[in-house]
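Colleague: Work the whole structure out from these sequences, hints included.
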Amino acid sequence: MGAPLAILNTENKKGLALISAPLGYVIAMLAVPLAAILLISFWTQDFQTFDTTPTLNNYREAVTDPLYRELLFRSIRIAGLVTLVTVLLAFPIAYFISFHVAPSRKSLWLFLITIPFWTSYLIRVFLWKVILGFNGVLNSGLQTVGIIDEPLTFILYNANAVVITLAHAFAPFAILPIFVALEKIDRSLLEASQDLGESKLSTFFRVTLPLAMPGVVAAVLIVFIPTIGDYVTPRLVGGPDGLMIANMIQVQFLRLNNAPMGATLAVIAMLSVSLIALLFVALNRRYLRGSR
Amino acid sequence: MTALIDLKNVNKYYGDYHALRGINLEIAQGEFFSLLGPSGCGKTTLLRTIAGFEAPSDGTLHIAGADMNGVPANARPTNMVFQSYAIFPHLSVAENVGFGLRKAQMSKQEKMKSVEEALDMVGLKGFRGRAAHALSGGQRQRVALARALILKPKVLLLDEPLSALDKKLREQMQSELRRLQRQVGITFILVTHDQEEALIMSDRVAVMFEGEIAQLADPQTLYKRPVTRKVGDFIGVMNFLPATVKDAAAIDLDVAGLGAVTIAEDQAPSGITPGAAEVGIRPEMMSILFEGEPDRGQITQATIKDRAYYGDMTYYDVDIEDAPKPITISMKNMIGRPVLEVGDTARVSWDARSLVLFSA
Chain R
1 MGAPLAILNT ENKKGLALIS APLGYVIAML AVPLAAILLI SFWTQDFQTF
51 DTTPTLNNYR EAVTDPLYRE LLFRSIRIAG LVTLVTVLLA FPIAYFISFH
101 VAPSRKSLWL FLITIPFWTS YLIRVFLWKV ILGFNGVLNS GLQTVGIIDE
151 PLTFILYNAN AVVITLAHAF APFAILPIFV ALEKIDRSLL EASQDLGESK
201 LSTFFRVTLP LAMPGVVAAV LIVFIPTIGD YVTPRLVGGP DGLMIANMIQ
251 VQFLRLNNAP MGATLAVIAM LSVSLIALLF VALNRRYLRG SR
Chain Z
1 MTALIDLKNV NKYYGDYHAL RGINLEIAQG EFFSLLGPSG CGKTTLLRTI
51 AGFEAPSDGT LHIAGADMNG VPANARPTNM VFQSYAIFPH LSVAENVGFG
101 LRKAQMSKQE KMKSVEEALD MVGLKGFRGR AAHALSGGQR QRVALARALI
151 LKPKVLLLDE PLSALDKKLR EQMQSELRRL QRQVGITFIL VTHDQEEALI
201 MSDRVAVMFE GEIAQLADPQ TLYKRPVTRK VGDFIGVMNF LPATVKDAAA
251 IDLDVAGLGA VTIAEDQAPS GITPGAAEVG IRPEMMSILF EGEPDRGQIT
301 QATIKDRAYY GDMTYYDVDI EDAPKPITIS MKNMIGRPVL EVGDTARVSW
351 DARSLVLFSA
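Same order as they appear, the protein sequences are chains R and Z. Residues 1 to 292 in the working numbering are what the first sequence lists, from first letter to last. Residues 1 to 360 in the working numbering are what the second sequence lists, from first letter to last.
It is worth saying that the hints were derived from the structure and are not from the lab. Ideal placement from N, C-alpha and C gives every residue a C-beta, glycine not left out. Possibly wrong hints are sitting among the right ones.
Said to hold, decoys possible - Facing chain R, according to a computed beta carbon distance under 10 Å, are these residues of chain Z, among others:
| no. | residue |
| --- | --- |
| 1 | R48 |
| 2 | G52 |
| 3 | N79 |
| 4 | Q83 |
| 5 | I87 |
| 6 | F88 |
| 7 | P89 |
| 8 | L101 |
| 9 | Q105 |
| 10 | L157 |
| 11 | R170 |
Modeller: Right under this line is the structure:
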């Protein structure tokens, strides 16, 4: 049986040759830094050098110090809120495009939704600063019309500003997977539900929503995972109360010159995200059960 | 007795497109009724109008005496088996079948029992826990049937339910559907483009072309006495020969290839006038006489131009003098009956009672 094995080998070789470049890239840019972070998190900063004796002291400190705990919980809370707001706002938009836009117009609508991406993320965050600021567009507008006398202060330099900015930035990422899930729903299922006695509203809850759940869960993951580690938005619009774990990681690495502590916080943040993501994946399993 | 379903002058427009043109139709309680026609003839639109998914542009629809104008699909005494079956993929077989029972005044046990009975009725005993995506095409169809019948509708609407099945399974489901209909006594309205299916299953068939009912009749009348050439051509195979009406009162004809023929009143449309017309005849209504067989009926000489052997049948295309194109004749392959070769000559036997006259 030498011949088939030889073919298998050449095919394996071909496959390896094909993926070698991206694989090398991934190893160099993802696996190595990740391993380094993990390794450093068990070290101790000794002024300018590392004390490389393995220790769990950093983890102990990270778990017990209320500052780190508060930052991590706040990050999860803000990311959760961002996810909730984004998905709740994205669903009606995805639903509208899928069910009420003529098929020939759908790609145009999706294209329009990507327009915010034509400017850089940083500029969009700054724009929100201009809109939400003390003398910003929103406040001066509302003051001119006479709806408010004093500028609103709860909309900038706090967690609310972070939620508003991130929810806007991630909206398309939530709209697209929900849209795809809605598009996949056989429209005759909705008619069948009505034929069997359900109203349009109960059809939505008994058929449309359960079948859209894989898209909703995907949207949740896509929004939640990057926002929990977001660094720029809390830094620019968050103020002191809107700072998140990523900002602390940056402070540890650069300002406090404590790379091991920064690495530890990074690992803990990563583990938290993985845990929550796994929870959602498990949830998705339930809904994926029926689909082909 | 009043009709269970009564459509009066129903029209449906989609913009400029006239999908249903003045449909008048009465369907009786317990009838197996088919809407037959090529795609785009309006048969599905008509079915969806009865179901409540389309509103007629004008005209009235009554079901069991109640005006259905403005009544949504979920409040109509109709249930539908969709062409795609529309089985809910996120639910189990039992959840699919019991979907419509949510608001029923029944205990959980009663509902479960009802689901069991419905599954039993369609031959899916023991499938209740099965996931919807683990079903074959035939099983999906049975689930769709059980799901609709469990609600005991006055009318069951079937939108091309057998078109996705392979031939063997389709034939099996045809007789099973017929049996089921007799068993439950519910009015079935079947939409199909398959004329054979309509003939096999229905008590009455409405043939539709371009939004209109071309003929409404029982299967035998439909097959033997189509009212227009188009209907005759759509149902089965039919040969058409040019003819001249010599005498409209006595119905004396001169048919190309067959000569002078006199037919009865029921073979001709009403209001025929002398002049050009057309005559139709089914392939099995003519036969080739083999060597040694005595003449019977009318005899015409023919030459075999082409033949197609089907196993149980052989279809011959024969040239007849004065006929503008070959005529198809089907012959059962029986013991002692040879299959003729192309170029052979033969006597063709036919009967004037088998002809149908169409106005030109």
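Colleague: What are the numbers of the hints the structure violates, in ascending order?
Modeller: 9, 11
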